[in-house]
Structures are given as structure tokens and as C-alpha cells.
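Enquirer: Residues per chain are reported as follows:
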Amino acid sequence: MVSVADLLVDGRLPGNYFAQDLYVRGSTELGLLENRRGDRLLAIPEPLLQAIYAGLEKETGQASGLVLYNCGRWWGKNFYARFCEELADYYKQPLANLSMAEFLQSLQQCWKTHGWGQIHLDIAYRDRGFLGVEIWHSPFTAAAPQGQKPSGDLERGILEIFFTQLTGRELRCVQTSCTAKGDDCNRFILGLEKRLAPVEGMVANGQAHQAIMQTLMQQG
Amino acid sequence: MTFKLDALFNSPDKQYLDASDLSTLSQYVSSIPERMAVYRTLRDQEVAIMQPIADALQQQAGHAEPLVERSVRNGLMVLRYAAMAMLLDDDGFVADRLQGWLPEMVKAYETQVVDQQLFQLLYQQLGKVFSPAQLNLLKPSLEKAQNLMLNTRETVTLAGLL
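Here the protein sequences line up with chains B and H, keeping their order. For what it's worth, my numbering labels the leading residue of the first sequence as 9, then goes sequentially. For what it's worth, my numbering labels the leading residue of the second sequence as 11, then goes sequentially.
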């Protein structure tokens, strides 16, 4: 029998930890923007993002994508640790006990509340060992220079390390569509390195996301 | 702070509140004792209201225990947020806090059918505990939550991933 009293551990009913009006707060007197745990948040103006892209391009040229990708991996590693810590604290249980639905929904809300756009996971290719990620309204690629190649290197780095740590397997991430080259959103594919190898070539040849996925599925 | 009153309190840089603004304020203030009474009942009777619903879902409707558990959890959450929204006279509160969360959980655990029945039973239960006038205070936010949960738009189902 379902006992309602037993469902309420300490009377708590954890819900949307990252709800925007709860998560972001601040002390205007001290000039601080903080999250609900009191960790400092930072708002970045768009011109600063544009300046980072332009400065990197000027100083490092072709390497700028690689620099951003590595920054993304660094950021993602810390983001994963902090994200897990916050959730474990909030749910008052080890993260391993949290259901995947709650974990991933929290990730979507977290992404949104931080202003990084809307992240959606596409699990249609799960059986083939790929995970698709879509990011809509990304502020990062919106500030990136327009071009023919995907420029979501920062996000690529974050996602790669995030899901590598989540799954405990060394995953690679490739971006297959990008708003900076006129696509509707940023799409990424995550998978094992050897299986993703052909994708990088297809992206370099300018193939669209759909075509790339079709080829991948036919490979079996 | 309630949505309607927020707008009132944000206006002093323009002018003094007029008669209709003040009447909105006084209507809200005079409704507070009733709102608090309903709130206290919901708080103190939380388990007593929900347990018969859980029993009915399991015994009469014959739903599986894990499904009933998920659905009852949803019901408890809705009731708590609806109670707060009622206290604040702000149905926007329900949407702000539950959107992007509860509908996704409903989808992930596929509790739509059970949730639908749970809401029917919940209205019956609340009808026993509250007067029609008290129920009317709760209804807007409950209906909002119900719509939010049961008209889920197509996004990604997360259950069973990885």
C-alpha cells in the first residue's frame, strides 16, 4: 500500500531547484549577484563575449576554436562537480540515488536559469550509441563571428566533459549545426571517439545535421 | 508578493494610488483571514486529504504501486504550490515554479492517466473539507496546475536514458 506519510521524508518534497525566481538572488548593497547557496554569479555583457571571440581570433587565429574548446572542458569539469554537489545537497541523498529524469530535468532548468539557452537531449540514436544535444538560443554562438564552420566550441567542451563524467566513459563531442552559420539551433552529437571519427570529416565538408545523422545510422 | 499588488506597489514614482487601486488592496487584505484558514487546513490535513486518494487509485482503479506513488507525489506538490499561490492571490506562482518541472516529470514517468483521476478525486476530497467559497479561492491555481500537467507539449522524454 502507498503510504502518503512515508512519501514525505522530513516533510520535504523536492522540486525545481533551479526555478529562476528562487535560484538567482543577490545583495545589491554589496554589489553581489548570487545563487541560492550564496555562490557568486556573474553576468556577462554581450560585447564582452564578442570581444573574447574577436581577441582570440586576432591573437591566435585558427587556434581560437581549440582555446575555447579547452576553456569549455575546464569550465565543464567544474560545472559538473558543482552541479552534482548542489543537487545532492538539495535532495539530501547521494546523486546515484537520483533518478535520471530528475537529474536531466535539473540540467535543463539549470542551463535555462543561467541564461545559456534551452538544452534538449535527443535520445533517438541511443541504441546506436550516440546522444544528441540541441541548444536553442545560445548566447555563446550568438556572439560568435558568422562563418561556414560551427563555432560552439565552448559548449562542445562543456558537454563533452559533462557527459564523460556522467557516463564514466571517455566521450567525444562534435557540433553538427550552429546558429553562427545560419542554422536554427546548435546541435551536438556525443559518442565514443572511434565511432564519431567520420562525423568530423562530414562537418568539415559542410554537410547538414540530418544528412550526417542519416549516414551515421546507415553505418550501423 | 502577489502579482496584482506588485503592480500597485511599483507605482509610487508615478502618482498616489487611486480609489480603485486602494479597493483592490483592501479586498485582498480583507480576504487574508479566510486564505490563512484554508492554508492551515491544507497544511495540517495534507496526509489526511491525500491518503484516501492514494487508496482509491490503487484499490479501485487498480494502478500499480510505483505509478500511484509518483502521481501522489505530483498531487502533493501541486497542492503545496496551489496553497501558497492562494495565500498570495497569485496564480502566476504555480506556473513559475512548476513549469519546466512537473510536466516533464509527468511525461518521464507516464503518469498522465493516473494524474487525471487523481485530480478528480482531489476535487471531491477538497469539496468535503472546504466550503464552496473556500474552494473558489483554491480553484484558479489548481486548474492552472492541472492544465500545465496534462497538456504537456512534445519535448524529450527522459526516462530510461543512458
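Do not take every clue at face value.
Stated by the list, open to error - One-sided and incomplete, this derived list gives chain B residues near chain H with beta-carbon spacing under 10 Å:
1. Asn24
2. Gln70
3. Leu74
4. Leu103
5. Asn105
6. Leu106
7. Ala109
Said to hold, decoys possible - Distance ranges between label pairs, derived from CB positions:
8. H:Gln69 - B:Pro147: 28 to 38 Å
9. B:Pro102 - H:Lys138: 16 to 26 Å
10. H:Ser41 - B:Ala96: 23 to 33 Å
Claimed, not checked - Covered by chain H, according to a simulated footprint, are these stretches of chain B (three or more residues, beta-carbon under 8 Å):
11. 9–19
12. 213–219
Hint data in this document are derived by calculation from the structure and do not stem from the laboratory. Owing to the predicted nature of the structure, the values given are computational and were not obtained by experimental measurement. Glycine included, C-beta positions come from ideal geometry on N, C-alpha and C.
Enquirer: With reference to the structure, classify each hint as holding or not holding.
Expert: Tested hints:
1. Asn24: Interface hint status for Asn24 of chain B: holds (4 Å vs cutoff 10 Å).
2. Gln70: Nearest chain H Cβ about 34 Å off; hint violated.
3. Leu74: Result: violated, 28 Å to nearest chain H Cβ.
4. Leu103: This hint is violated: Leu103 of chain B lies away from chain H, its Cβ roughly 14 Å from the closest one there, beyond 10 Å.
5. Asn105: 15 Å, violated
6. Leu106: With Cβ-Cβ at 12 Å, over 10 Å, it is violated.
7. Ala109: Holds: closest Cβ of chain H sits about 4 Å from Ala109 of chain B, inside 10 Å.
8. H:Gln69 - B:Pro147: 28 to 38 Å: Taking Cβ atoms as reference, Gln69 of chain H and Pro147 of chain B lie about 52 Å apart, which means the hint is violated.
9. B:Pro102 - H:Lys138: 16 to 26 Å: Taking Cβ atoms as reference, Pro102 of chain B and Lys138 of chain H lie about 41 Å apart, which means the hint is violated.
10. H:Ser41 - B:Ala96: 23 to 33 Å: 41 Å, violated
11. 9–19: Contact hint for the segment 9–19 of chain B vs chain H: holds, 7 residues under 8 Å.
12. 213–219: violated (count 0)
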